[in-house]
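As a plain string of letters, each chain reads:
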Amino acid sequence: MSTRELTFAQAIREALDEELARDPNLFILGEDVGAWGGVFRCTEGLYEKYGPDRVIDTPLSEEGFVGLAVGAAMTGMHPVPEIMFGDFITLAMDQIVNQAAKMRYMTGGQVKVPITFRATMGAGRSSGAQHSQSWHAWFAHVPGLKVVVPSTPYDAKGLLKTALREPNPVVFFEDKVMYAKIKGPVPEEEYTIPFGKADIKREGSDITLVALSRMVHPTLAAAEMLAKEGISAEVIDPRTLTPLDEETLIQSVCKTGGAVIVDEGYNRFGVTAELAAVIAYGAFDYLDAPVERLGAMDVPIPFSPPLEFTTIPDEQKIVERVHKVLEGRRR
Amino acid sequence: MERLSQIAEVVVDRDTMIEMYHRMLLARAFEETVFDVYRRGWMPGLAHLADGQEAVPVGVCMALRPDDTITSTHRGHGHIIGKGGQVEPMMAEVMGKATGYCRGKGGEMHIADVKLGILGANGIVGGGIGIAAGSAFTAKREGKGRVSVAFFGDGAINQGIWYETANMAVLWKLPLIYVCENNQYTEYTNYRKLQAGEGLVARAEAMGMPGLEVDGNDVLAVYSATLEMVERARRGEGPSMLVCHTFRYGGHHVGDPGTKYRTKEEIEEWKAKDPIVRFEKVLVERGVLSPGDIEEMHSKVEKRLAAAVEAGRNAPYPDVSEVTEHVYA
Amino acid sequence: MAVEIVMPRMGLTMEEGTVVAWLKQENQTVAKGEPLLEIETDKSTVEIESPGEGVLSQILVKPGETVPVGAVIGYLTAPGEKPQSSTPEPTQAAAPASNYATDRSVSSAALKSDLSGAPAKVKASPAARRLARQYRVNLAEIVGTGPGGRVVAWNVREFASQAIDAQQAQLVRVSPVAQKVAADLSVDLSQVKGTGPGGWITRTDVERSAREAAVGATAMQPPLIGEKIALTRQQKIMAERMTSSFQGAPHFYLHVEVDARRLAALRDSLLKRAKERFGVHLTYSDFLVKYCALALRQHPKVLQQWAGDGLFQMRNINIGLAMDTPQGLVVPVIHDADQLSLAEISRRRAELSERAQAGKLLPQDLELGVFTITNLGMFGIDYFDAILNPPQAAILAVGRIKERALVEAGQVIAAPMMTLSLSVDHRVLDGATAAKFLGDLVEYLENPDFAQV
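Protein chains in written order, with the numbering used here: chain A, 73 to 403; chain B, 205 to 533; chain C, 102 to 554.
Since the hints were derived computationally from the structure, they do not count as laboratory data. Honestly, I wouldn't trust all of these hints.
[Claimed, not checked] Derived lysine-lysine pairs resembling DSSO-like cross-links, with alpha carbons at most 27 angstroms apart:
(1) A/Lys-327 / C/Lys-337
(2) A/Lys-253 / A/Lys-273
(3) C/Lys-224 / C/Lys-373
(4) A/Lys-269 / C/Lys-125
(5) A/Lys-184 / A/Lys-273
(6) B/Lys-464 / A/Lys-184
(7) A/Lys-121 / B/Lys-475
(8) A/Lys-233 / A/Lys-253
(9) A/Lys-396 / C/Lys-224
(10) A/Lys-184 / A/Lys-269
(11) B/Lys-475 / B/Lys-464
(12) A/Lys-253 / A/Lys-300
(13) B/Lys-464 / A/Lys-121
(14) C/Lys-294 / A/Lys-269
(15) C/Lys-461 / A/Lys-300
(16) A/Lys-184 / B/Lys-475
[As the list claims (entries may be wrong)] Counterexamples of contact, computed for chain C against chain A with all Cβ distances above 10 angstroms:
(17) Pro-109
(18) Ser-226
(19) Ala-228
(20) Gly-245
(21) Ala-254
(22) Glu-308
(23) Met-343
(24) Thr-344
(25) Arg-362
(26) Gly-540
Quick reminder that beta carbons are idealized off the backbone N, C-alpha and C, glycines included.
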């Protein structure tokens, strides 16, 4: 297999391009996704290639165009609405939670709702409290939705292609900080990645680090720092929150006896809480210390850089939490 | 605020008129039966009835093709019947039984029959509007002249989704017909207290689409107005708005007598304009049906509903193992 | 500050002890490590060293009296310090510490109290608690090194391995002082002849033995033709466990020949598809694990384990597979095998095998086995008997599958046959019970379809 290096945004764009070519029912809609090529360049060139009927510039009406997408999905299309900043997804909440997620169930299985909501997440750009939030946990809380949180260009492309072939509503979160900054190998050849299969980004035996989306990168950096101290950290990326690969998490913690969960969403009632519960239940008898949860601080995300970076996890904070878990354990 | 539009009544053939009448009778009988079923404790939850409003759903849906789609509201039984839904699986659904349209998972507020183009009744006020816009989007893409109808009440017109989709529907010339069924009361409050401006047609016109305002208790007027809008949509000229003034006889749901916020006089005034009685007069006058025919149809419908109740009561509840089915495809 | 002298727990099964004699009088000064008293356990008499330096201020338990493990039997105070004013009731003080040890019935309720009784007051991680249950050690006796003194997993492993050493030492009847001296002088206690009362090895014996060894080493070179090879830890453990099993557990053996035609056909038919679909290579061992698990579920008595004065009823069907590795014999465990599909068993077996070969098995891979399968078929062995893997009550020895004569409907035909030998602990199971288990296992192996029922 031949591979080349793509940025995260290029990998997303390539998945969209390939699937637009493959499935005539697929169409993209959102704010500035067409002629402008997307605020984050994820749809660049697609408008020119597939035309204004398949890459549609919408008014700034999140509820409206998402609602329209739900109806189109119920009648045989596969819409791909882009929520430019994930923060704006609140405007479309009724359409996603009350309509898309439940239509199949409420109709006793009469309809499918194949729809892929692409939304961004992630802080660290001094974008302030309304353009920096990571709301993936909300959607993982809703039955009927699937939630994807890729961390690498390779995963992003493979998982997005799977999402674009899913007969269900999928909320696909892309950390905007990764779009241009994160590069990685992506095969030229066609591939997809199944949902519900965690990826072990690094094998280790002393501690399990669970991280998702962009947090995988500082976590891998932390694992490297720990290796220098003789601590062997395993880094697991669940890749999808719904469905969740509980088995891989539990097995890893059974092996290592401890876990630190790193997420850019809020701790309180968040992904770190859920994953900690999964581990505490499934690996209870193997835990040698309480599961550590390292999420965003429970404050609105501040603008000023030193404040902002205080609220989100980084390598140093991860290493500190690992030391806490391993306190008193012989290495 | 009512400024009824002048609409030329279209010529309606005899069979269509009889079918209209039949569906109105079914819709009325269904509501009256559910009222009884509810009071006897044979169904769980709440029941939102629309007796008195039958001319709107039937008048609109009779103007549609089988492949046209509708979205309905929490007060949606008439829309389902208007579009050809069967009262037997409806009754079973209302009772939460496995033989219901949605295998008991939707219930009284969420009946759907996708094969008939019924994309579901919706428990969120205005909840069906986005879906209807999406169906119109697909219809335009298909290019087969199919149209989409969004039924909603006077409450939903104040929801943002209406304006957001109206903007896109006009912009993209979607074959979408907004049907506002104004039954005068948004839950427990008269719509006049909640609605600013010059009325709903004015709002539609402000969005750049035509609107018509009709007597919603006159099934032929509703039918004629709808046909005009449907044809416009099929020609690719975009959306339009139909406002139908009507009245629900009962309260917001069974259990609310609906008399605290409405006067007896108001209710009686509307009952004097009953859509079924009015249509019966027309049918007899035009020689479509005789009083004897009408009597016979009443009795058939009543028997059918009684049998539907019986069947529903005897039907099994869904097996609890089904609870996890249909969450995902 | 007075130091408590408690009835020490000297072995894994010790619950109470009797004071034989105090070697110091009240008010006499003692040094730390000096012999202080002798106690008698169910196994032996042991000399106990002073836990500290000071004056034996108070003797609470007189010679001949028996008290539970952990009971305060006397006090040591600094010279001049006042003795303990109140005299605690020995048995009361002992209650928490001996809770685990005194409750040994086979009922699951009792087992539960084992798990939640004493350890509830000890701060310990779930992993540490699990290991404590497995090694049957009392968490209260373990010093935790985790945050706030929490007992963590390695504390238990360390403690348990010391306890096993202590038990081994006790078997050769040696005083703690002599034991320490032996360790210091690297004297193998099993080679030392005891001259103390009842063959006890004393400090003098150890020192003499060390001197003799030193003389012998220079005088008699080489003592034998060949050389002594040091034991690996694994070899040492194997030797100790097998000796204790073979001598301690009364074995009997059941033998049976299995018609493996259907099993072989089933494996052949699944082999390729299992590879493609699940990426696993199905071996006969995988089938054996699967069917043993099913048969064990039907015969929970086979899961029982001898506990001296009772039986432990084990619940989880964790099946060990004996594996030959460059480091020696290991028995990694497939946990809850009855809950796993054949493909899952196969995958797990392959993982364990890979780690075993690489010497990378984790402690939990070796833990909590309740039944063992040992298969020498791949070495061309037709048939053999295995020694029980303590504390398990049964082990299945599997020979190779080979064409042999089979009489069917009066005709002699050639058919693939497999021999099984089940070794059984007669303290736990009688012949009929074991035979019924083996019969059901054979039923599955001969009619694999039946396992689907």
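Hint by hint, here is what the structure shows:
no. : hint                  : verdict
1   : A/Lys-327 / C/Lys-337 : 26 angstroms, holds
2   : A/Lys-253 / A/Lys-273 : 19 angstroms, holds
3   : C/Lys-224 / C/Lys-373 : 51 angstroms, violated
4   : A/Lys-269 / C/Lys-125 : 68 angstroms, violated
5   : A/Lys-184 / A/Lys-273 : 34 angstroms, violated
6   : B/Lys-464 / A/Lys-184 : 43 angstroms, violated
7   : A/Lys-121 / B/Lys-475 : 60 angstroms, violated
8   : A/Lys-233 / A/Lys-253 : 22 angstroms, holds
9   : A/Lys-396 / C/Lys-224 : 17 angstroms, holds
10  : A/Lys-184 / A/Lys-269 : 23 angstroms, holds
11  : B/Lys-475 / B/Lys-464 : 17 angstroms, holds
12  : A/Lys-253 / A/Lys-300 : 26 angstroms, holds
13  : B/Lys-464 / A/Lys-121 : 61 angstroms, violated
14  : C/Lys-294 / A/Lys-269 : 63 angstroms, violated
15  : C/Lys-461 / A/Lys-300 : 21 angstroms, holds
16  : A/Lys-184 / B/Lys-475 : 42 angstroms, violated
17  : Pro-109               : 25 angstroms, holds
18  : Ser-226               : 4 angstroms, violated
19  : Ala-228               : 4 angstroms, violated
20  : Gly-245               : 7 angstroms, violated
21  : Ala-254               : 5 angstroms, violated
22  : Glu-308               : 34 angstroms, holds
23  : Met-343               : 29 angstroms, holds
24  : Thr-344               : 30 angstroms, holds
25  : Arg-362               : 36 angstroms, holds
26  : Gly-540               : 34 angstroms, holds
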